[in-house]
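**Student:** Sequence:
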Amino acid sequence: TSIAWSRIFPQGDEPSPNPAGLRFYHDLFDECHKYGIEPVVTISHYEMPLGLVQTYGAWRSRKLVDFFERYCRTIFTEYKGKVKYWMTFNEINAIEFGPWNPAGLLITPGENREQVIYQAAHHQFVASALAVKYIHQHSNHAKVGAMIAYKTVYPYTCNPKDVIAAEKEKRKEYFFSDVQVRGKYPDYIWQY
Numbered sequence: 024t025s026i027a028w029s030r031i032f033p034q035g036d037e038p039s040p041n042p043a044g045l046r047f048y049h050d051l052f053d054e055c056h057k058y059g060i061e062p063v064v065t066i067s068h069y070e071m072p073l074g075l076v077q078t079y080g081a082w083r084s085r086k087l088v089d090f091f092e093r094y095c096r097t098i099f100t101e102y103k104g105k106v107k108y109w110m111t112f113n114e115i116n117a118i119e120f121g122p123w124n125p126a127g128l129l130i131t132p133g134e135n136r137e138q139v140i141y142q143a144a145h146h147q148f149v150a151s152a153l154a155v156k157y158i159h160q161h162s163n164h165a166k167v168g169a170m171i172a173y174k175t176v177y178p179y180t181c182n183p184k185d186v187i188a189a190e191k192e193k194r195k196e197y198f199f200s201d202v203q204v205r206g207k208y209p210d211y212i213w214q215y
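Residues are numbered in this note's numbering as their position in the sequence shown, beginning at 1, plus a constant of 23.
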């Protein structure tokens, strides 16, 4: 399941969480445990608070890293004994092919689309790393993972040009998981 960021912080930048939102997930996780269900929780699943889009331009702003960190600290602390398995972003690489749904990005005509997307992705990487660091510092049992939208890519033929083209296409997806799993930008992205 996922936690809706806007249920916990309706505008996204409030200093304090919404108690009714916190209670909702306590009830949900209690009900899961009542039936022996161990929840796996996605922290951000295409539901950024609209206030963050309107006020800050969504993930194009570095300020969202701090807001996301506050949100994560709140839910990790609140549900520490109820949730063991977390994922920071659902399909973090989906920002490439549809920037609105996963990241709240509205790209206007004349903007450098690729620059906006990769800057926003960088902010998400930083936010994800801070969330992972926090949970590892505060829990001996919790696990944090990453999720990407993955499609299989095959070369059109065995021609080396097709094989290289397929590898380049795969790297667009591997990039997102490589950063999250290895904690750094892979060498191949610097060549891009």
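Be a bit skeptical, because a hint or two may be false.
Cut-off 25 Å, straight-line C-alpha distance, at most; resulting in silico cross-link-like pairs (DSS-like, lysine-lysine) [stated by the list, open to error]: (1) K107 <-> K57; (2) K105 <-> K57; (3) K191 <-> K174; (4) K184 <-> K174.
The set of hints was computed from the structure by calculation and includes no laboratory data.
**Student:** Hint by hint, note whether the structure agrees.
**Tutor:** Status of each hint after checking the structure:
Between the alpha carbons of K107 and K57 the distance comes to roughly 16 Å, so the proposed pair stays at or under 25 Å and holds. Taking the CA atoms of K105 and K57, the gap is about 11 Å. The hint holds against a cut of 25 Å. Distance hint between K191 and K174 is fulfilled; the C-alpha atoms sit about 13 Å from each other, no more than 25 Å. A C-alpha spacing of about 20 Å is found between K184 and K174, which places the hinted pair at or below 25 Å, so the restraint holds.
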